[in-house]
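Novice: Could you build the full structure based on these sequences and the hints that come with them?
Under the UniProt record's numbering, the first residue of the sequence shown carries the number 1, and numbering increases by one thereafter.
It is worth saying that the hints were derived from the structure and are not from the lab.
There may be inaccurate statements among the hints.
As the list claims (entries may be wrong) - List time: in silico PhoX-like cross-link candidates among lysine-lysine, alpha-carbon distance up to 20 Å:
# : residue 1 : residue 2
1 : K1024     : K1014
2 : K192      : K138
3 : K302      : K378
4 : K1024     : K968
Unchecked claim - Computed Cβ-Cβ distance ranges for the label pairs, DEER-style:
#  : residue 1 : residue 2 : range
5  : E44       : S842      : 54 to 64 Å
6  : E592      : L93       : 37 to 47 Å
7  : S842      : E592      : 52 to 62 Å
8  : E751      : D1107     : 22 to 32 Å
9  : D59       : Q94       : 26 to 36 Å
10 : S602      : T642      : 51 to 61 Å
11 : Q816      : T460      : 36 to 46 Å
Where a beta carbon is used, it is the ideal one built from N, C-alpha and C, also for glycine.
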Amino acid sequence: MQIGWVTSNSKFGPGQGVGDTFDSYAFDGSRVRKWNISAEDYGEKWEEGDIIGCCIDLDEGCLEFFRNGRSMGVAYRKIQIGPGIVYFPAISLQQKEGVIAIYGSTPLIYPVEGFNPIQEPPHKALASVTYLLDSTSKLLSLMDSRAVAPDNGPEISHEAVLMEAGKILIPCLTSFFTNSYVVDAKLIPFLKALCEAENMNVNRSHLRPSARVTKNSTSCSNNTQKMNTFLDLIWSFTERSYLKDWTNTLVTRLASKFQHNLRPLLLEFSQQKDAILILHSLLNHTKLRHFLMTHVLFEGIKFPLFMNIKLPSNGSTSFWETDPSIKLNTRAYTAAVNRISNGINSLEEMQVDMLLTLLDDSDGSSTQHSSRRIFLDKFRLLRRQFYALYRVESFKSPGSPVFLLWPFFLRLLRVLELLWPREIGSPIPDVVPSAKFYDGSISYYDIDRLGGVLLYLFKTFLNELERRFGVSQLAMLTQIDTRQDAHSVVDSTTSTFRNLTGPMDLNIEPYSDQLETTGTTQNTRQIEHSMDAQSFLSDILDGLILFYHIANRTDSLTDCINLSQNRVKDIVQCLTETKDTIKCFHSSSKHEPDVLKALESSYNVLLEHLHHATSHLAALHAMRYPCRHSWLFKVVLNTMVTSAEDENLFNFVPEFYLDCLLDMLKTLSFEAKPTFVSLEETPDRNQLTQRAVQFICEHVDDQRIRIAKAKDTLLIALLDIVTTPNLVEVLHAIPKASQMNMIKFLLQPYENRAWASSNWILVRIWHGSQASFASSGHWSQYHKYKLKPRPLSYPINPPGLECDPYPSYPLQELIQSILTSESELAISFLNSVLNQLNWAFSEFIGMLQELQNASNRQERVLVESRQLKICATCFDLTLALLRVLEMVSTLALPVFVSPDEPKSYFLLARLCQLLCQVLNRASSQDGCFHHITTLEIPGLENVEHLPILTATCGIILAILKEDIENFKEEITVPLSVSVPKVSKTLLVEPSFQLSSFTFLTEENPHLFSLKYYKEHIKPEEMAKVSKMLTMLTHYHHILSQTNAVPVDEDEMCTICFAFPISTVFEPCKHHSCRACITHHLMNCKDCFFCKSLITKVVDDEGNVIFDTDQMQQLHDV
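Specialist: Right under this line is the structure:
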């Protein structure tokens, strides 16, 4: 963004804005530079909400810019002036940038002495309004005087004088109130003076809302007598259409004043308090309150603006000076947080008090809804509007109305805490009744339920709903919810946002609630002047849960605090290093003044950055309300638990409840992380965390949850749990049954489900274990070597797993128990893993071949970044699948080598086949893998020998563990000794190449070798690799001597042409090798050749490999 002045001769185009031409001048606060063709350092960095003054002196030919009323110095002197040269204010913007330009239509917030605004103030109107307001003030003073009788006439009361004079004054006065300048300059100060009369000033906010709630805070008696009289006159002598115009102008100007803090460093919020005070005084007038709530206050996002608290971005505290005494720094920081919190609380109390006024339920009548009822209708509309904005991606950027949800949520949550004990007479509930999700009392418009679309759920569970509500009540509910679905927000989103003229314009029509559809309008108005308190508060509570979900997904306070803390730590580390460097220069004999000056300048810059970072972090910490969140956490968790016990009606729970559970678990886990400053913990944090983790583990495979988004949410939650060390410990503490349910879900076959996330979870459970090969160190720090040893800093593992390994040994024991005890589950799971590994590695190699062909062409070939991302993803998936196979091979080796399970031989043979293929591709010096790794293509940095070869080597060591232990290197094994089963399976694999295995340890400066990675591969691991290679070399020599006689081609399997025929199918009598038919029968029961059903398979020794009758008997058992 560049703002400044241009002449009428300026010409702009693509890439050229204000300041980019000879006759235009601009200031850019983002880059802190001034522009006139070329750029120069100038001014201060601006931030969102700053007010930039642009002043031009045509007498002296100077340009000067101001930030929040403070001059940044003269930017340009001797600009072009003279005949024919006219200057205009101008601005250049990029996407997602916005500005409000004030030319004088309203009083300048920071006027500069000696300069005038471009737009001339309405002096005549101001003089007239001043006279009229003075007359009105004198008229209002009659309230304090007694009525007197004229000399020749009856006594006249001052009320009569007020009415007659007001009938003349008010229409004249209100005719000026549509002018924003008049409202800002005259009306708002006049209203403020009335509010402050008779001690109704900001000081009344010393009472906490919890104390004020015991009295009727919405009574007009809270206003002064003059204010009430003035509002009565306004109400009596102003047309309703005209009343809407000027009250809308007034509320808009109050909202504009509320957004800017004139003295942010003092945390007084004086301008914000004045705006709240004036607005609250208007709302204390019952009739005007109803009018404002219905027609003005909830148009767009005006009201949520008044619930916001804008904190100073910097300057409130600086607590860290790189002093070794961290306690002193922390103490100063805590004091700063408390100071900010006290300032926030003083303003929040006024906001909450105003909200309590809007929730008055005693001001209704037979013809007028109460304020509470109006607020509920508007609240439902706001809930719908914010959800629609949340679903539009372009409205998730900073400055979007969605970012007002968090403060609005906090203020409403506080009001709920105050009202519930007062009006219900019981403690605040910790659960939303599950019946509200399907009884039609709350409208969820187009929000999905866990079980799917609402109409589908009504049809599916019609009988159960009839038993709950009866036929007549169910018919009414079905009609209501069908109409709700017909008015879906999704269908209106396009038209809604096409008409957006600004961030405060939302054109979603309000939805008539249930009570207005279940009877005549006359009857409804007669009985709806008051509401059931519990039903109202439950509706607000449900809406707050949705607000919490939207606010966390767009502007998570936890994420902001985490990022700010990391930034502070980084700056402190840089400061410490710079300070040590300066000390070294002072103590050394060499004197380099230029270097020392540069270091000191860097030190000062870092101190300024630290000052801003700690101020921002302190403001974020002051916004935490752990006690309020604790209660809301309990509500969400208890609601999910009780709803899950409600049989099939658990399907009706809105999906955002599950999202909230994940958001809250993330917040609780963040509190458990060690930080340099102690935070106030959420009450019952450990208990809430354990219950949330247990719920996720128990329902991760709940068949009642049908929508894909909810299933993905549960998988993401599990991945967060196993990735966070403190949550892993909580996972170990939940009941074994819950852990077992989670593990069985993860070990389901990968077909027809989101298997990649499940696979990452299994990798996290395993990686870093003592039995895992070359994975004990920090995953994101290692030295990688290409062609010749040289250090680089690329991750050894997929980017999603760049964190310290934290293996879970209790969960590994459960995995071992399940895989060894449930053979069918183990076989189907491993078969699916091998299938996915075959697919992922094949796709990866295919893409590498395309890249190799493109690089070998003489002409220039462009490769899409999307293709590179897919290639890198396939490589990451291959690594993860290999690590899972390493875990299974280590923990449950009998699954591959059990003589009692016929399919174990096939799994072992297929595993050896895939391992040989991976090694052959990765070790080939002329292959595409080696070619691409030498090119160092951006986006494929993690494609390297080390990660894939260490994972493959780990699997081979695991399956050959027993053979390696029994092999004696110092003893010469005769050729007559039989080769162990597992080693033989690997060696007889047609794709086995001994050179691919010896490639692992060959020392060649131009090739890869595990020996180059001594920091990551332990000596005992290298010893196992060496012994394994020695054993394979010896056994390979034995098999090459015994298998010297070639097999007749007619006796080879016609499916794979790798093994001889060894099985016969019944009843068709066709034949193949054992490996092919075993693999085929795991997915299909038809013959390869004739497609007839295979009932039995017998090998060449007469052993029955497959029998449908035996399988049926086992299944029955």
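Novice: Determine for every hint whether it applies to the structure shown.
Specialist: Against the structure, the hints come out as follows:
1. A hinted pair counts as satisfied when its Cα atoms are at most 20 Å apart, and K1024 with K1014 qualifies at roughly 14 Å.
2. Simply put, K192 and K138 have alpha-carbon atoms about 16 Å apart, close enough for the 20 Å limit, and the pair holds.
3. The suggested pairing of K302 with K378 holds, with an alpha-carbon distance near 12 Å, which does not exceed 20 Å.
4. Pair hint K1024 plus K968 holds up; C-alpha atoms about 13 Å apart against a cutoff of 20 Å.
5. For E44 and S842, the Cβ-Cβ distance of about 57 Å falls inside the hinted range of 54 to 64 Å, so the restraint holds.
6. In this structure the supplied range 37 to 47 Å holds for E592 paired with L93, their Cβ-Cβ distance being about 45 Å.
7. Between S842 and E592 the beta carbon distance is about 59 Å. The supplied range of 52 to 62 Å therefore holds.
8. For the pair E751 and D1107, the beta carbons lie near 25 Å from each other, so the given range of 22 to 32 Å is met.
9. Separation of D59 from Q94 is about 34 Å and conforms to the stated range, judged on CB atoms against 26 to 36 Å.
10. A beta carbon spacing of about 58 Å between S602 and T642 agrees with the range 51 to 61 Å that was offered as a hint.
11. In this structure, Q816 and T460 meet the distance hint of 36 to 46 Å, their C-beta atoms being roughly 40 Å apart.
In the structure shown, no violation is registered for any of the earlier numbered hints.
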